[in-house]
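Visitor: Chains as they are written, first to last, in numbering that gives the first Met the number 0: chain A, 0 to 334; chain B, 0 to 84.
Note that these hints are calculated values from the structure, not bench results. Just so it is clear, CB atoms sit at the ideal spot from N, CA and C, and this is done for glycine as well. Please note: incorrect hints may appear among the correct ones.
Unchecked claim - In silico negatives: residues of chain B with every beta carbon more than 10 Å from chain A:
(1) L16
(2) L22
(3) A25
Said to hold, decoys possible - Partial chain B-side listing against chain A, Cβ under 10 Å, derived:
(4) H7
(5) R43
(6) I45
(7) S60
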Amino acid sequence: MSAVTCELCPRGCVIPEGGAGDCRIRVNLGGRLRATTYGRPSAVHIDPMEKKPLYHFLPGTPVFSIATAGCNLHCLNCQNWQLSQRGGEEMEQVYRLDPPELIRAAKAEGCRSIAYTYSDPVVFYEYVYDSAELARQEGLANCFVTAAYINQHPLRQLCRLLDAANADLKAFDDGFYRQVNGATLKPVLDALVTMREEGVWLEVTNLVIPTLNDDPAVIRRLARWVRAELGAQTPLHFSRFQPQYRMRNLPPTPVETLDRARREAQDAGLEHVYVGNVLGHAGNSTYCPRDGTLLIGRVGFMITDYALTADGRCPSCNERVPGVWRSADLSGDRR
Amino acid sequence: MHQLRHIHERELRFLGLVLITGLVIALQLVDSLRPLGLSGSGWRVIDRQAVERRIESGELSDREASWYHPLSNDEARAARAGSAP
């Protein structure tokens, strides 16, 4: 019998010869599991760091962003489903970009960091790992934008190479994860705690979907958990839902719902709570948690004001704002 | 009288057809609402020849993955008792 068991994510797919994992791209050929999209991204873009969103990590810098086909979640509201819900052999566009070429391309474009993003980089783990190792040697930072549905051992190993992560916490509700994402909550919570323990700069995003995860009590539980397990200084982004893919029956999230969620999180003690996908909302910007001074003004992905001091402090009260504000702030072997 | 009985049978057949159709729709709905994938659940049938062709042409990679192991006997028993597409 030449079936294999994949140990990368909590699904633990048992894959017979000639089959693929649930992610579609890890394929068993001849009893050996192949990472078929290694060095073969289907999306390559240069984005502002604010798009990830990472608001406390090298703000205003361009980040070389890549993704391959495949995903280990199957969110009914996926915004990248043409990429994530397909196998590599189904993609019309595949770039040949092995790790050395990727690093060369990022540097040639003047990027100081690489983001593994769009679908879920967990499923192209080997490509991320080798690229991140090389990026680190070349002085580039590594950003991981993920739903964090990954097992502990591979995550801990990868964290040594990661500088920043934005992790989706889709709801503080296991039933939601099962029904909407085809996953479970506990491994995600464990992964977030691990990233924090391993010293990765972490920001958390919660996409607020009307009627499904917008209950104030659920938002409150989520915010309290973030404060208790990740710390009050962890940025939390409440993002606006737009109807798409298999969830076109619900309206966009009302701005009042996002405002309410933001207040709940602030009341729970979180210092940096943002509202995303609402152009011009005051909650896009960063304020001093002590005296309320506007520190970084944003409209969409653009920075309109920047008042932080060079070492990341409020110019009015000298409060240190957590984050990685300059490449020099990357500590030790993360530099 | 005979004609009335005839209509009655036709109506019964029609009702049966409606019930069967409803049952099929209900089964489809139940199946589609089932949680999509949990531990040990997933593998997918793929177009293996398309994958191999793309690997040969260099559009996909033959790189061996990390984080896997050959199926153990215990896992094989569990897999037989459990899931498949």
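Visitor: Evaluate each hint against the coordinates.
Guide: Do the hints match the structure? See the list:
At roughly 30 Å, the least C-beta separation between B/L16 and chain A is larger than 10 Å, which holds for a residue marked as non-interface. At the 10 Å boundary, the C-beta of B/L22 stays outside the reach of chain A, the nearest C-beta of that chain being 23 Å off. Remark: the non-interface label on B/A25 is consistent with the geometry, its nearest Cβ contact in chain A lying 18 Å away (cut-off 10 Å). Of the supplied interface hints, the one on B/H7 is violated, with its beta-carbon coming no nearer than about 41 Å to a beta-carbon of chain A, more than 10 Å.
For B/R43, the interface hint holds, since its Cβ comes within 10 Å of a Cβ in chain A; the closest pair sits about 5 Å apart. At about 5 Å, the closest approach between the beta carbon of B/I45 and any beta carbon in chain A falls short of 10 Å, and the interface hint on this residue holds. Residue-level restraint check for B/S60 holds (minimum Cβ-Cβ distance to chain A is 4 Å; threshold 10 Å).
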